[in-house]
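Enquirer: Protein chains in written order, with this note's numbering: chain P, 1 to 630; chain G, 1 to 170; chain H, 1 to 113; chain Z, 1 to 496; chain E, 1 to 296.
These are calculated hints, taken from the structure and not from any lab test.
A portion of the hints provided could be inaccurate.
What the hints assert, rightly or not - Partial chain E-side listing against chain G, Cβ under 7 Å, derived: (1) ILE42; (2) GLN44; (3) LEU50; (4) GLU56; (5) GLU210.
To be verified - Calculated pairs, DSS-like style, for lysine-lysine (alpha carbon to alpha carbon, straight line, at most 30 Å): (6) P:LYS151 x P:LYS575; (7) P:LYS534 x G:LYS152; (8) Z:LYS435 x P:LYS159; (9) P:LYS24 x Z:LYS364; (10) Z:LYS354 x P:LYS159; (11) G:LYS110 x G:LYS162; (12) Z:LYS354 x P:LYS104; (13) E:LYS280 x P:LYS571.
Every value quoted in this text rests on a predicted model; they were computed, and no experiment measured them.
Ideal placement from N, C-alpha and C gives every residue a C-beta, glycine not left out.
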Amino acid sequence: MNASLELLLATPFIGGLLAFIGGKVHRWIRNLIAIIFSFATAFEIIGYYNVTIKGIVWGKLFGSDLILQTNPITWLFLFIVTSASFLIVLFSIDDMRKEEDELKLDAYYMYLLFVEGAMVGIVLAGDLITFFMFWEIMSWTSYFLIIHGGKRSMAAGYKYIIMSVIGAYAMFLAMAMLYAKAHSLVYTDVANVLLHSSPAFVIWTIVLLAIGFFVKAAVMPLHTWLPDAHSEAPSPVSPLLSGVLIKMGAYGLFVVLYGLISVKLAGSLMPSVFSTPLLLYIIQWLAALSIVLATFLAIMQEDAKRLLAYSSISQIGYVVLGIATGTSLGVAGGLFHALNHAIFKGLLFLVVGAVIYRTGTRNLSELGGLIKKMPFSFVALLLGIIALAGVPPLNGFVSKWMIYEALLQKKEVFLLIMAFVGSTGAFLYVYRLVHSIFLGQLPKKYENVKDVPILMQIPIWVLALLTIVLGIMPGLAMNVIVKGMAFFGFKPIAYNLFGFPQGTAMGALTTINISAGLAIAFVVAWILFILFPKSRKVSQYDNYAAGQVVTEDLKYNYSYGFYMSFSRVIKPILKWSIERVYNYWVEAAKIFGDYYMRRIYTGNLETYNAYIVIVITLAAAFVLLGGKIW
Amino acid sequence: MDRLTEEQAKTIANMLRKRSLWMIHYCTGCGAIELPPTMTSRYDMSRFGLAPFVTPRQSDILLVTGYVNIKTLRRIITVYEQMLDPKYVIGFGSCPINGGVYWDSYSVIKRLDRYIPVDLYIAGCMPRPEAVITAFRTLMDMIDQGKADGYKRYKRNLAYYKENQRKVLG
Amino acid sequence: MIYYIGSLLLIAVGLYAVLVKSNLIKIIIGLNFISSGVNLLIISVGYINNGTAPIFSRLGLNPNTMVDPIPQALTLTAIVIDASELALAVAFVVLLYRHYKTLDIKKIRSLKW
Amino acid sequence: MVGGAHPILLIAVPLFFVFLIVFFSSFFKGIVKYLPIIAFGINLIVIYQLIPEVLGKGMVISTTAGFKPPLAIDIVVDRLSLILAAIGSVLGFLVAIYNVSYIDEEPQERYYALFTLLVTGIIWMVVTGDIFNLFVAFEVTSIAAFGLVGFHRDQGAVEAGFKYLVMGSIGGGMLLVGIIMLYAATGTLNMVDLAQKSVHLTFGQKFLAYSMIFIGLGIEGALFPLNAWLPDAHPAAPSSVSAILSGIMTTAAIYALYRLTNLMFDYKQIYTILLFFGLLTLIFGEVSAYFQQDIKRMLAYSTIGQTGLFFFAFALDSANGFQGSIMQIINHSVSKALLFLVTGGMILRIGSRKIEDFAGLGRKMKFSSFFLAIGAFSLMGLPPFFGFWSKLKIIFAALQNPNFFMVASVVIILLMSVVEGAYFFKLLQNMYFGKPAENLQISEAPAGILISFTILGLILIFISVYPTPIINLTHQVANDLMSKSYINIALRLGGL
Amino acid sequence: MVIDKIFFTIITPIFAFAVGLSFMMIKLKVSARIERRYGPPIIQPIYNILKLLLKEENISHGVIFSLGPVIALAGSILTVLFIPYAGIKLFTGSGDLIALMYIMVIGSLGMALGAGESANPNASIGISRALTLMLGYDLPFVIIIISVVLYYHTTNLADIVAAQAHGHWTLWSLPLSAIVGFVVAYGALGEHPFDIITAPHEVATGPMVEYGGKHLGFLVINHAFHIYIEIALFVDLFLGGATNVLWFYVKMFAVFFIMMLFDEVYPRFKIDDAVRFFWKWPTIVALISLIIVLVK
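Input sequences plus hints: build the corresponding full structure.
Expert: Right, here's the structure in full:
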């Protein structure tokens, strides 16, 4: 409980190493160690609930202190990281059992815990060096996690790591520029320096840092790694990536925008649009574009995990959109949505993982009708998609509602429209998910499928419960968020356990009334329903198909190209692919590099000698010109 | 509700049923020709609460218009079995009665009655809309009096019907 | 002065040979040209017109008229190094000929980029 | 001198062992392969003894032949030399162990003699305080290297060796020309003396000499465009030699360039030119490495890239730049040597240098793959490995005075780091998760190889997780370079 | 007060159902007259519903299949509670217009889930179309919602209604929004030309294909609610709500009557054409209206 921050940071790393070593002894020792250490990390953060520690120096590098710190926002993200990791470790125990190679499994748990440790480090960091260091560690450890997924995951992982590295180096550049100015990278020092810097410098800093965060958070023009990586990664890793890892980008953005640069400062540096500093407004637009376009792309997907991956891009768009509003309500909404997204996206990926575990496919058109075989998974998935679509009474609705209200208050109507459309679009793809996996025709080969083992169900149920609890009692999360935001200088927003009383915002929300109303209405409707004659259960093959007798061997259900008509509508948009642009440039660079390299290292000794002579001649010319180079 | 006896409840239910008859029509050949005038403005069968519907789950009447051959019989039986009780079958025109002009065809079912219980036949080739409407009115009266019990007969004599169906369909 | 020019010319000729000639032997000769040029350069640095050997073999010798002994020592070292290099080079040429059946450097291009 | 720590032993002992090897080879051949281990073991002891003194006083000088400097050739070990000499000795020692399992081709005694000579020459080059002695060391190194590159005597090795020889000879000649120019202008060969006397020379004079020296050392130090021999020679040589060549030989040449530039040619213009050379080397090295199919060739190009990086850092001409440069040298030497040693073991087992043939080795050769990954990570500069700290330092140093050119350079460096990441991750991915060839039956590398790269890997891990002493040391070194304390301390200690 | 609230909570859904049912009745008659038919008896919908509920046999494809209509009805009842009518605002304080938009969706979700479990391809196609159409009309819908909200500076529906008192209807102040709102409400009702979802001749009533008996009865009831919700929302947003029930009913009827006329004369859009339609003219007009509000 009273573990020091260093211990908190070290626990997952030690656990990872021990798990790796323990795996040499027996696999259950390894599993146990992984469970214990991930639980220990989650347990250790309890003591930091609502604790603010300004900073602990844990090292010194190049004259800059390396600092660990914590505050309620940190705690929120720590909570996301540690609890999600713990649940994912639990889920992995059974899910990864099909992997025969024990060495790979040892490495898997090690990297899993390392990623957790790195994310804890990112969140706890009190200076940019620590932040960046753990950021990089997170990148490569998660890369190794992703490529556990088999052959196709390798290309995905490669794309992921390259883009991560590019993003990280953009951050690195910004960091170095800040270091040159501040000679220290502690947040407070950096903030001080930025306060007195030229606008151009501040803007460059934000832009460069934002590139790094956007790659990780997969905001639209930099998202191309995500669909591949998230869908090809092993089932338990996808929730970690989607639920937690991309939140680090959002966290970084939050820290930079409000920890290093205050909105007031940003506002004084650049023109404002809709009372938002221009740069933030651009960030908001990128986020909004991510929301809409990723939603449209998710609608088109045929692969369950790919669909969820695109949905992650879209949902992280809400988070970034909220964080970039700069108002208390919006930022709180963004942070809350980060938490909620971790919960419901983790839940969805886990359920899909469970389905893959049982059926071995994630192709939506091959699945169907599993509700009869995996009813618990169905209910969990149902809760997940309701939360994702932002439909009351679950948690996704509350955070989205806050973001909408914040945007409305700032009159950022175009962004708001996009956010709304994204939410409606989410409805399309989540229905696709539940329909194609759980509803519809049950293929004959899945006759003997049953629900997943209990160890895999526990994480699913915990998350499913959280969607309900936070949906009805958003005040639980708002406690932490509002306190933490006060730490960053935001005005507090009025809230209570069940939402937002009237008079504080444009509108009001009392979640308990909605959920209670729904429950009562449901009970009333249900009572009405059972008054009338009971229904007779019929087989799914007793189905109206214009008189045709439907048989088992016939695939009669409609699950491929579910939104074909919609794709016809948005075909003009789909023609544009940022990925193709990237590929084009990468190919061009490769061809260029190849062409010129071949002409430099020709293998001909005479050429090589000519280089030497050229250098001699240049030197001589230089001397003759009197030592002037310009 | 509990005050009402079962008999009374049934009476009320039948009264409602006869006022709202939704039909799914099985049309082959010329059978479909006489239905549109029946439905549209001139004869307007919706006056009697009749309405055409498209799925057997929602329909009360199966209207078999025109001949039924071996191939289509299977569909008719499927559709009939998918309908929800109470359900009624109307044989429309002479074909379902005795094969009509196809009386000597090898593939046409001569008597629909042998395979599914027909509540009412409308004779004629083809029957005029007036006849059709009269038939519906007759059916309504039958329902009111509880005479239209084809679905019950089907259940009672399931073995008989199945045997006949098997003979034809194999 | 003439020695400097001569040595530089020798180096230039050597470079030219290395650069232009495609025969391995000629390249080696070019290398030797370079080293000879360098050696000559070293010697000429310490050379004094009408100087004496830097040995007090008899009395009355003015140290200022003695040639500098250090370049000579250097040259000796350099010559030794050149000799060993030459030996190695020739050995390589023999091996190259064994592998490629040619002495044309342009054809010896199995290793490229 | 004092405390029994004689820097001269660093050269004398291995040279003696070279003769011993040749001597023993004729009648007691079995012992030959162990002699280099002893030689460099002794060297390590000498270095260990030198450490307190060098760190304390900043320099240890030992003169030869009974003369006093500047006439005598003196051996000067300051902090920078010590770092490089230590790396050289450690690598020499480890590679000597490696050789025991690795070299089975005849004539072994020549290999061992040349190998010992090569490492000796490198250490010599690093610790010498005399500019002509530097040339001699340079040539000793070169000739040993020519021979070793051609050691396999197959088609590629001979060709690479010959090309290297031609370019190296030209380089040697140019270096000598430069040295002679300096001598002609100042009349001395002692570096400290030269540094003092050359103040009076004009920039033009100095630059002429410098350009000659630069060409000579640049060829050996693999600076673009003088580095064309390197990608041929490194793959052709036995992996043990590649480790030395890549790990420390180019570095030693660069060291010499650092030393001379710092002592005598401390001009803004020269540093500016060097910046460009560094950047170009970096770009061409890394980009070429990306396209390689041959793993050793890839590593060789990567060496060029790394050289460019630390040369760039040096050319920044600031304390931070020097520090970053030296940290990067340490990182490069250790990691690249590690990579070459590991790949050597792997190539020995699978008999191919193609990257695609490395598929699935992560399962078969666990230790090798692990250390390969560690080395690659450190080279890429991923935390928490040492390369991260050095790269951090270099970038911070480069942006100390951010102007457009510097920012652009940093962008290039970072882009090249991305390229570096691209090819290393390609390799690692293939190695760990690639599908191995059918019935690939291979075992872990032989004991000698395993021991040597394990020790090196552990060293790398150690300095990665505990970089503070090295950071402090390099900080001192950088300050030494900035304040030119080489001259002052040498004067105080009688190095002149 | 509390009793008051409970009373109205009970009475509101019944009122809504009655209104919706009355519209259904009227519609049958009116459309018959437009087609020069006599038309069914005026209480034909009641016969239909009761007949469906009293079917002797019901079939079910599974739990969710049965729950579908129940959830749909529950969602509709809940939504009704959030819409203020005739000065009665029950739950309006606990969820504003934005919340309402998403509460409205619950019912559709239930319906879609239930229909999905029937495994009927027609049902799936129908849902696919329904959701696509929803995305289609959602775009202009949110735009007009935003413009109205911005115009009145509140998201509270009751406040919006209050602000329109004394004839200051949104219809007069934002005519363009009102027009689009009408189109959208119309599209949401799924009448011609937007009835591609159920298109009986194509996909056999789409989502409802497997529903019969009491399930279908519930869906018909739900449809009555649906009519009420869409039109009441339109009346509240654009026609100033009303202070008494009668006036509210008259306004709703007026809106519904115009809708009926449209319904009679239009053929059917293809689904992608419907979406294109909604994303073209209504969206443009709505945007213009929004910009007008913003500039003001």
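Enquirer: Hint by hint, work out which the structure violates, then give me just those numbers in ascending order.
Expert: The structure breaks only hint 1.
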